[in-house]
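Trainee: Here is what each chain is made of, one letter per residue.
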Amino acid sequence: MITQPHPSFIRRSAYGPEPKTRAAALPGIVGLDIQSLFPDMPRAIYVEGGDLGVVRAATRNSLKDVPMDKIRPGDKVNVLASQYGFTIMGGDAYAEMLRTIKDVVEERTGCRNIRLRVCTGFRIREPDEIIEHYRLREHFPAGAMGIRAIDKGIPIETEIGTLYGVARVYDADWIIHAHHGELRELDMHRMINRAYKPFAMSYARMETRAVAHMNFGPRSSNFVSRVIFHSPFVQSKFTFGCFLLTSPQGITGVTAGTDLEALDRKLMLLGFKSYGKIRELFAEIKDCIVVLDGTGEPRYMAGGGLSFGNVTEAELDLFDLDVVPVSLGFGLYERPRGQPKAKSVNPAIRALVINHMWLGVPQQELATHIPTIAVGDDLARLLREDPMNHDFMARCVTADNLPTAMKFAHALSGTDKVVVFDGSFGTMTVSPSLASYLTERAPHVSRRVDEELMPKWLRQRGIAPESIEAVDA
Amino acid sequence: MVEIRFLAHVDREKCVSCPLCENVCPTAAVTLPAKGAKAEVVDEKCVACPNCSGVCPVDAITLVPREVPLRLGLDATEEEEPAIVALCQKAHLHPQQWLCLCTATRVREGAAAVLRGATTPEEVALATGTRSGCTVYCLQPTLRLLKAHGVKVVQPEGYRWYDTSQTCWDVPEAVVRKYPGHFLEEDLAVFRKA
Ligand code: SF4
Ligand code: SF4
Chain A
1 MITQPHPSFI RRSAYGPEPK TRAAALPGIV GLDIQSLFPD MPRAIYVEGG DLGVVRAATR
61 NSLKDVPMDK IRPGDKVNVL ASQYGFTIMG GDAYAEMLRT IKDVVEERTG CRNIRLRVCT
121 GFRIREPDEI IEHYRLREHF PAGAMGIRAI DKGIPIETEI GTLYGVARVY DADWIIHAHH
181 GELRELDMHR MINRAYKPFA MSYARMETRA VAHMNFGPRS SNFVSRVIFH SPFVQSKFTF
241 GCFLLTSPQG ITGVTAGTDL EALDRKLMLL GFKSYGKIRE LFAEIKDCIV VLDGTGEPRY
301 MAGGGLSFGN VTEAELDLFD LDVVPVSLGF GLYERPRGQP KAKSVNPAIR ALVINHMWLG
361 VPQQELATHI PTIAVGDDLA RLLREDPMNH DFMARCVTAD NLPTAMKFAH ALSGTDKVVV
421 FDGSFGTMTV SPSLASYLTE RAPHVSRRVD EELMPKWLRQ RGIAPESIEA VDA
Chain B
1 MVEIRFLAHV DREKCVSCPL CENVCPTAAV TLPAKGAKAE VVDEKCVACP NCSGVCPVDA
61 ITLVPREVPL RLGLDATEEE EPAIVALCQK AHLHPQQWLC LCTATRVREG AAAVLRGATT
121 PEEVALATGT RSGCTVYCLQ PTLRLLKAHG VKVVQPEGYR WYDTSQTCWD VPEAVVRKYP
181 GHFLEEDLAV FRKA
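As they're listed, the protein sequences go chains A and B. The first sequence runs 1 to 473 under our numbering. The second sequence runs 1 to 194 under our numbering.
Please keep in mind that the hints were generated in silico from the structure rather than gathered at the bench. Glycine included, C-beta positions come from ideal geometry on N, C-alpha and C. A hint or two may mislead.
To be verified - Restraint-style ranges between C-beta atoms, simulated for each label pair: (1) Q96(B) x Q460(A): 46 to 56 Å; (2) G414(A) x A83(B): 45 to 55 Å; (3) T162(A) x E78(B): 29 to 39 Å; (4) E157(B) x E452(A): 23 to 33 Å; (5) K70(A) x E157(B): 45 to 55 Å; (6) V64(B) x T162(A): 37 to 47 Å; (7) C18(B) x R137(A): 17 to 27 Å; (8) E78(B) x G161(A): 32 to 42 Å; (9) G28(A) x A86(B): 50 to 60 Å; (10) V68(B) x P403(A): 32 to 42 Å; (11) F233(A) x P156(B): 17 to 27 Å; (12) K178(B) x M1(A): 23 to 33 Å.
Unchecked claim - If you want the footprint, here are the derived chain B segments under chain A, 3+ residues with CB under 8 Å: (13) 128–135; (14) 176–189.
Chain B extracted, bound-state conformation (with noise of 0.2 Å):
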């Protein structure tokens, strides 16, 4: 369970609706409604990460405490183990893996929140409580795990994140042999799944 203690507020008075915050949110918890509107947190979606405080060029955006911690997980356990085992090694994962070390959540997790539906990294991160603090590498885990699902990954508008999941296991043969010494297949080898 990842407890999320802080949640983002926007002072609309400093607010000029540049709209950067709307880009680097990884829960598009804030959003601006409409073109020239000032920002809008959607309270349950924030997991009070660094980013819309971070990038906002007026400080208009604050991480102030919540009144009730928001409490975000899920049990792998009541996901069959089966599923969860042939999900992560579709996605050339460890169920036992890092998903996300900052809030030491396992790719287990991740495979049991798109079992459940899951459809897009947004609804992992909130099903999870992932993304909540760099907000960087648990993308990948989480991506792998959706299309290894067969869901039709869509790229948002804007600069969210962008669809690129490249692995050491999509190297096209004739880039291995172009770049001897490089360790490609060796590491392919020293990759154990579940």
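The following block holds chain A by itself, in its conformation from the complex (with noise of 0.2 Å):
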């Protein structure tokens, strides 16, 4: 079903260029309805502009059942963050989470000393820019806090050895894990221990991070979250987790409890059933323009509620723990025997115009592998300085403005398809002959992924196919 495009709101940052005229607004782009495609993916209670008073009913009513006894009136809590939260349909959806968290603990604790993390990748100023932002210094008196990766570490003893951990994540008597459910870089977990993530990379100092990123493989890396979660120091500061859980239609509620295994499990299902379509759907494209139009890095831009991190991988089924790709950020070169060789960058990409993006991550793979167009000279200084993608600018032409870049994606790529990552859930951005392609595909991909792959990704994980009917958002 067309619909009126919906890009979400692009947060002004001093990692991106002023936000120009959106993508968007172009002559002919629509908006495709996701939920007309994929009927039965778990629906939205809250988009973006919609009554936050619904995020906060969902979080509360999350929390009903969770034990806070441990935390008593005198003591520190730190709400750990992290950054991509944020970015998440404007981020207004994960902010009001946070607040929410603090005051249900306030009011059944008594404890008022009550502080925010909120944790970033490498973009060093991000996390000031969010507490301003979000206006969350107001919501949190005690305290709101950004941590890097580079700030001073702590030890955690863990069953493979000494890994570190940032001091400021656990300078408190408690800490409560505050993260989402979107998918994100489906290539770094293949939804293994998910719900962990974190404490070997929002919460953990620039070594631990590369240790998992660089030292195990595609499918083993989360394990190094894993064993600081069960370490004795960790253990000792979890009181519970809460989790924002989106599908590409939305944000579908709020989950939270004591048991991050079980936790961690509801994720897993919820991933499938929430991405697993979309990511197929993207993978049926042959050629199209992408145009990068949000906030954040081209990797966690969503469009159509799905991050662009995994259409540059759509080629492969990355739920399939069979496959292991060369993952460009593991310590594979040479592809396993017997396995399929990953181009760096989906071909069916066959032009990537910039109009948004934020520097970030090193991302120089985009430029190296597809005729990429930046526009405006403001994004071009700004990528030409960027310390993380020393030669992007070197393989990449500038345009002065959006539709002169169209004009040369198209003849260029020989393609009218054009997808949008405008950060947009809900509905997909693209133009008028990709949404009836999609449109035409969508049942075929239904099929395929009821029939064929959800009952493969279910068996690797030994879960019985009637789970994936019980869990519910």
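Assembly of the complex is requested from the two constituent chains, each provided in isolation within its own frame, with the hints serving as guidance.
Mentor: So, in structure tokens, the structure goes:
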């Protein structure tokens, strides 16, 4: 079903240019309704711009049976947040979940010393921008602070030796793990221990993040998060986890509990149910122009609720644990025997137009493998000066404005199929030709996932088929 | 070759000697010569990463264009190929694998730097131009190459980096058994060396 496109709000940042005319405003660009493609996908309770009271109520509801009695009035509590939560549909839903967690803990325990820790990746100043934009200091009078991977560490003794967390993550009596279930980069977690991942990333020192990324394999890297979580040190502080749940349609609910393994299993099943079909639908695209036009770095920018990092590797079914592609992030170079050779970037992407993005992750492979056009001198200058992408602009051309860039991309690629990664959930921002193609392919994809892929994904993880029906956001 | 086009500049009027910058510099280019002194940058060691300017609490550090770009890197073909391959194998790394994605540097270049005598992560960074981007992921292959070459790495004072470099080859058998379904053995089997 064709509808209006709904690009997500772009947050201003030192890491990106000033927002300009959005790709969704280009003549002929439409919104493709996701629910009409896959009616069985978990439904949204909230989409951007909606009533945040719904998120507040869902968070309160998820916490109602979570025991909090170990927190005493005089204790210190750290609510641990990760920066990507704030890029989901403008970030208001995640911010609302965090505020509600604080309110509920305060009401239930009488504890007033509840601080917020906003953890980040490589954009060192991003937490300060987040705290200011969402006015989090006002809601966390005991303190709202950014956490960087290069901040002072604290040793954590684990079953595989000493690893390091960031000291200020753990400088409280108790920690609350406040995360989200957005799919993000499937190639890095493969739906294994997804709920544990921040313990070796957001909450960890840089050496530990690199141990997970560089020293373990494409399926075992989250094992590092798991042993950190199970360390006596982290266990002595952990209270509960609370997750904002998403599907490509929007925020689907909130779930919380003290049993992270149970939460992880729920996230995994919801991940299959929410993202299995949309990912497979993107894999059906044989030629297209991709336009990046959102908050954050390309890899994590959503289009139709799916992050772009999943589309650059869409040719492989990365839910399938038998598939082990050569991945840039891990210590693989040669293709393991019998494995498909992943192209560095999905060859269906014939041209890449960057209208808006942030710096902050190495992503040189995009410009190396796809004809790339950056829109505007301000974006080009940022990219040229980006230490994480030394040669990006040497492999990329610049256009003065978006219509010119699109004209060039069409001529270059010979396709009229366009998909925009503009942070949209609920709809996919596309050209009419791609909308018709995807509408035609969706029933085939739906059948393939239901009959072939989902049973395989479940079988590989020893999960009974009926579990997928039973799980609910 | 990695071209470093910028340089950290300290505004001494603003600097409050805190000394956060000293603890985040991947090449030990910015230091406080004494307690309470102002931060100073050694120009030829600065790889213009985002760290010191990012953490300075009073915005005393800015990255300014260099008059002449600093060119870092080495030609790994000048080292004996069997020696590079042997060192990489010992570190369980592939010579063609990425050492640093930000600068598109391969492990063989890090191996060459170690074979030429680099003994610290800071020296490897200055020999190869790595750690000038995110400064994070390249640290592990660097530590692994140094250790495989028999270098006894010494963790610096403060928190510039911590000496931790576990790999999937180091997980004790009992732990592998305790966590079935984590693909520890399967992932080991898919890693192939040079
Ligand atoms: S290398 Fe990075 S942290 Fe060190 S002085 Fe230069 S910019 Fe600052
Ligand atoms: S971080 Fe800033 S204030 Fe602190 S020592 Fe360095 S330059 Fe001075």
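Trainee: Evaluate the given range 32 to 42 Å for the C-beta pair formed by V68(B) and P403(A).
Mentor: For P403(A) against V68(B), whose Cβ atoms are near 40 Å apart, the range 32 to 42 Å holds.
Trainee: With respect to the beta-carbon atoms only, verify the hint that T162(A) and E78(B) lie 29 to 39 Å apart.
Mentor: 37 Å, holds
Trainee: Examine the region 176–189 of chain B for residues whose CB is less than 8 Å from any CB of chain A, and state whether their number is three or more.
Mentor: holds (count 10)
Trainee: How does the Cβ-Cβ distance of V64(B) and T162(A) compare with 37 to 47 Å: does it lie in that range?
Mentor: With Cβ atoms ~39 Å apart, the hint holds.
Trainee: Please test the hint of 45 to 55 Å on the beta carbon pair from G414(A) and A83(B).
Mentor: Given range 45 to 55 Å: holds, Cβ gap about 48 Å.
Trainee: Using the beta carbons of C18(B) and R137(A), state whether their distance is inside 17 to 27 Å or not.
Mentor: With Cβ atoms ~21 Å apart, the hint holds.
Trainee: K178(B) and M1(A), beta-carbon distance inside 23 to 33 Å?
Mentor: 50 Å, violated
Trainee: State, for the Cβ atoms of E157(B) and E452(A), whether the hinted interval 23 to 33 Å holds or is violated.
Mentor: Hint violated: Cβ distance 57 Å, outside 23 to 33 Å.
Trainee: Per the hint of 46 to 56 Å, is the separation of the Cβ atoms of Q96(B) and Q460(A) within bounds?
Mentor: Cβ of Q96(B) to Cβ of Q460(A): about 30 Å, so the range 46 to 56 Å is violated.
Trainee: Between G28(A) and A86(B), does the C-beta distance stay in 50 to 60 Å?
Mentor: The hint (50 to 60 Å, Cβ to Cβ) holds, given that G28(A) and A86(B) are roughly 59 Å apart.
Trainee: With 17 to 27 Å as the target window, see if F233(A) and P156(B) comply at their CB atoms.
Mentor: 23 Å, holds
Trainee: Do the Cβ positions of E78(B) and G161(A) conform to the proposed distance bound of 32 to 42 Å?
Mentor: 36 Å, holds
The structure shown violates the earlier hints numbered 1, 4, 5, 12.
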